[in-house]
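Starting from the known structure of chain C, fit chain P onto it as the hints suggest.
Listed here are the chains, written in short residue letters.
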Amino acid sequence: MTTKNTLEIKNLYAGIPAKKIIKNFSLKVNSGEIHVIMGRNGCGKSTLLNVLMGHPKYKTEKGSVLLNKKNILKLSTNEKACEGLFMSFQHPIEIPGVPLTTFLRTAKNTITKKHSSPSDFLKEIKSYAKLLKMTDAEIERSINHGLSGGEKKKSEILQMAILKPKFALLDEIDSGLDIDALKAVASTIKEIFKKTKMGLLIITHYQRILNYITPDFVHIMDDGKIIKSGKETLAHELEKHGYDKYISKK
Amino acid sequence: MTVSRHTKRLINTTFGDYKFGFKSAVNNYFVSHKHLDDTLVKEISDQKKEPSWMTDFRLKSLDIFNRKSLPAWGGNLSRINFNTLHYYIKPQDSTKTVWNKVDPNIKEAFDTLGIREAEKEFLGGLGAQFDSEVVYKSVQDALKEKGVIFDSTDNALREHPEFFKEYFGKIVPANDNKFAALNSAVWSGGTFIYVPKGVHIDLPLQSYFRMNTENMGQFERTLIIADEGSSVHYIEGCTAPIYSSNSLHAAVVEIVAKKNAKVKYTTLQDWAHNIYNLVTKRAFVYENGEMIWVDCNMGSQLTMKYPAIYLLGEGAKGEVHSLAVASKNQHQDAGAKIIHGAPNTSSLVSSKSISKEGGRSSYRGLVKVNKGAKNIKSKISCDALILDDISRSDTYPLMKIDEENVLVAHEAKVSKIGEEELFYLMSRGISEQEASSMIVNGFAEPIIKHLPMEYAIELNRLLELEMTGAVG
Chain C
1 MTTKNTLEIK NLYAGIPAKK IIKNFSLKVN SGEIHVIMGR NGCGKSTLLN
51 VLMGHPKYKT EKGSVLLNKK NILKLSTNEK ACEGLFMSFQ HPIEIPGVPL
101 TTFLRTAKNT ITKKHSSPSD FLKEIKSYAK LLKMTDAEIE RSINHGLSGG
151 EKKKSEILQM AILKPKFALL DEIDSGLDID ALKAVASTIK EIFKKTKMGL
201 LIITHYQRIL NYITPDFVHI MDDGKIIKSG KETLAHELEK HGYDKYISKK
Chain P
1001 MTVSRHTKRL INTTFGDYKF GFKSAVNNYF VSHKHLDDTL VKEISDQKKE
1051 PSWMTDFRLK SLDIFNRKSL PAWGGNLSRI NFNTLHYYIK PQDSTKTVWN
1101 KVDPNIKEAF DTLGIREAEK EFLGGLGAQF DSEVVYKSVQ DALKEKGVIF
1151 DSTDNALREH PEFFKEYFGK IVPANDNKFA ALNSAVWSGG TFIYVPKGVH
1201 IDLPLQSYFR MNTENMGQFE RTLIIADEGS SVHYIEGCTA PIYSSNSLHA
1251 AVVEIVAKKN AKVKYTTLQD WAHNIYNLVT KRAFVYENGE MIWVDCNMGS
1301 QLTMKYPAIY LLGEGAKGEV HSLAVASKNQ HQDAGAKIIH GAPNTSSLVS
1351 SKSISKEGGR SSYRGLVKVN KGAKNIKSKI SCDALILDDI SRSDTYPLMK
1401 IDEENVLVAH EAKVSKIGEE ELFYLMSRGI SEQEASSMIV NGFAEPIIKH
1451 LPMEYAIELN RLLELEMTGA VG
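Chains as they are written, first to last, in our numbering: chain C, 1 to 250; chain P, 1001 to 1472.
The hints are simulated quantities; they were obtained by calculation from the structure and are not laboratory data.
C-beta atoms are modelled at their ideal positions from N, C-alpha and C, and glycine is treated no differently.
Keep in mind that a hint or two might mislead.
To be verified - When the alpha-carbon atoms are kept at most 25 Å apart in a straight line, the in silico DSS-like pairs for lysine-lysine are as follows:
id, chain 1, residue 1, chain 2, residue 2
1, P, LYS1413, C, LYS152
2, C, LYS23, C, LYS245
3, P, LYS1259, P, LYS1137
4, C, LYS152, C, LYS4
5, P, LYS1416, C, LYS59
6, C, LYS228, C, LYS195
7, P, LYS1337, C, LYS57
8, C, LYS152, P, LYS1259
9, C, LYS57, C, LYS133
10, C, LYS133, C, LYS113
Said to hold, decoys possible - Beta-carbon label-pair distances, calculated as ranges:
id, chain 1, residue 1, chain 2, residue 2, range
11, C, LYS194, P, GLU1454, 42 to 48 Å
12, P, ASN1375, C, ALA18, 30 to 36 Å
13, C, SER119, P, PHE1122, 23 to 29 Å
Same shape as in the complex, but just chain C (with noise of 0.2 Å):
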């Protein structure tokens, strides 16, 4: 894929009626780049995802999402997806009765406006459960209904490798992982990356899955935007010195 996309966040402002929590945050993000967002609890890293997706919960006051110069931050959820943009929740919802492969299949044919056969379906869906250590019975249930914390994890990559995404939201995807679960997942949103191109956004507050996962840029985040952007080196230093080198006590 040679098409460059951008997802370019400018000056965004967000939050719950009763608060701000995204205060004029900007970032852009170029396809084939892999973004990292680290940030103390409560710093907006979640809220700014879900701003990005379209949740209910939030509403924007000001700024614009630009997905290849198009502003999609009024759009609805769906279409957003539609677009291009796919988030992987932090906490996974469980949808009983609905299963994961008729669900994904209708998502995956909206999203591409094409019909992919069943077989085929099942065919790509296998071939990306086997990278992930899936197992049969695990992918033919009702979406996440009764997986563990880790095999939800497991089932969002799945997702996205199945939608690819022109850009990916990861909501701290290394989260109640095991190391081999871990290992799993991260060898295949690397192994879509290289095929797609997409651009990463990823949250986390852990260096581990740095350990697998190479970012061009690591942003650390406070009180609703970015304060200070750098290499992969700064994710280094963080684990070292932790957050209070870098934010002002108030």
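Below, chain P alone, put in the same frame as chain C:
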């Protein structure tokens, strides 16, 4: 119930929201007057050339009806006027066994409903009732050869009176409730099934009940006897046109599952929203026998229906799986009644309801364990899904346990379609409408999975249509 997408679109564009609301022009053979009295009852019995014991039974039942008061619980019945209904409408001279002898307008109605398509594809036998009479009944020759009887209840009474003397009105006595008494007085049509010892009927038998005339009462009477070691799956479907005034559907269904016999009874009804649907359904189950009710209630303005299972022989099993959808101006008061009358019997009740646009759905259930019925297992679960802030759901479970060493579990859960679920599905590119449909279908799936595949697909589609415009 099996209506192709194309037909449905056609019906939809012609008749608006309710899918089966069309009316048929029929020259009826006989239409009763609207005054409910002895003369009317005798007239119905006379039209049917019944034995005198049945006429007496009807008259006694009318007396019971007149003396019984309306139930004070459940839904609002005060607006039913018993003297504005046609109690008996005979649309055709007799029941036919081939479609081309059926009145063309009636045939067309059943064509539009897709009933004949279903008959060809996956049924062992089909009956079609139009207003008060069964206009068509046919069963595969192979089943006839095995001694299976599948007929209208009226015909069966004439041809096999021995079954009626033994069972009719014994499972649901006329004095059971006001509407059972009414049905016993003016019953007409319905299905009779006898499955001989050891005979297993692989393909389902189906009857379809269509109410066509305005201001009428449909009072079919169904009797199913599954002899020892036999099995049968019976399916009923029901629809009616839309009128501005009310109609009444008050059926009685009696079932006997003898030793080791298995009966599955599936109801898929989508009545127009002007119908009172007040039905008494009960099964007696003997030693190691099994009864399964699968009850899907959509439509009607008020449904009061509690399929009952009396577990009368050791090792007998009973299951009720029910789904109710209550929309604007609708009240679905449905549930189940299980009586454990013998040791080592078990029961399972799974009830799901969906309320939307101000609709109300109630679960009303009874589990009773009689003295002497030891080692009982019973599990009841009720799940309600409420789609908006103006709709309502209630649960009225009752347990009467007169024996120790019983295991009875009851769980009830009420949930709303949450923005989190919608957000999740929509974040994968699926529209809000489709996402809501997926959630509702997913919620109903544990009930729908008990239906034969063709009906499951149909019900899923009906739910999708119900959901059109319900959210957003």
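| Holds or violated: LYS228(C) with LYS195(C), Cα cutoff 25 Å? | 30 Å, violated
| request: Take the C-beta atom of SER119(C) and the C-beta atom of PHE1122(P), compute their distance, and say whether it sits inside 23 to 29 Å. | output: The hint (23 to 29 Å, Cβ to Cβ) holds, given that SER119(C) and PHE1122(P) are roughly 25 Å apart.
| task | Take the C-alpha atoms of LYS133(C) and LYS113(C), compute the straight-line distance between them, and say whether it is at most 25 Å. | result | With a Cα-Cα distance of about 29 Å, the restraint between LYS133(C) and LYS113(C) is violated, given a limit of 25 Å.
| message | Run the distance test for LYS1337(P) versus LYS57(C): straight-line Cα separation, threshold 25 Å. | response | 43 Å, violated
| request: Can you let me know if the beta-carbon spacing of LYS194(C) and GLU1454(P) is within 42 to 48 Å? | output: Holds, since LYS194(C) and GLU1454(P) (Cβ atoms, about 46 Å apart) stay within the stated range.
| If you draw a straight line from the CA of LYS152(C) to the CA of LYS1259(P), is it 25 Å or shorter? | The given pair, whose Cα atoms are some 47 Å apart, is violated under the 25 Å limit.
| query | Regarding the pair LYS1413(P) and LYS152(C), is the alpha-carbon distance no greater than 25 Å? | reply | Roughly 24 Å separates the two Cα atoms, so the pair holds.
| field | Hinted pair LYS57(C) and LYS133(C), Cα distance within 25 Å | value | Given that 25 Å is the threshold and the Cα spacing comes to 34 Å, the pair is violated.
| Are the Cα atoms of LYS1416(P) and LYS59(C) separated by 25 Å or less? | 23 Å, holds
| query | Would the pair LYS23(C) and LYS245(C) pass a check requiring their Cα atoms to be no farther apart than 25 Å? | reply | The hint holds at about 21 Å.
| request: With 30 to 36 Å as the target window, see if ASN1375(P) and ALA18(C) comply at their CB atoms. | output: The hint (30 to 36 Å, Cβ to Cβ) is violated, given that ASN1375(P) and ALA18(C) are roughly 57 Å apart.
| field | 25 Å Cα cutoff - pair LYS1259(P), LYS1137(P) | value | With Cα atoms ~28 Å apart, LYS1259(P) and LYS1137(P) exceed 25 Å; violated.
The earlier numbered hints that this structure contradicts are 3, 4, 6, 7, 8, 9, 10, 12.
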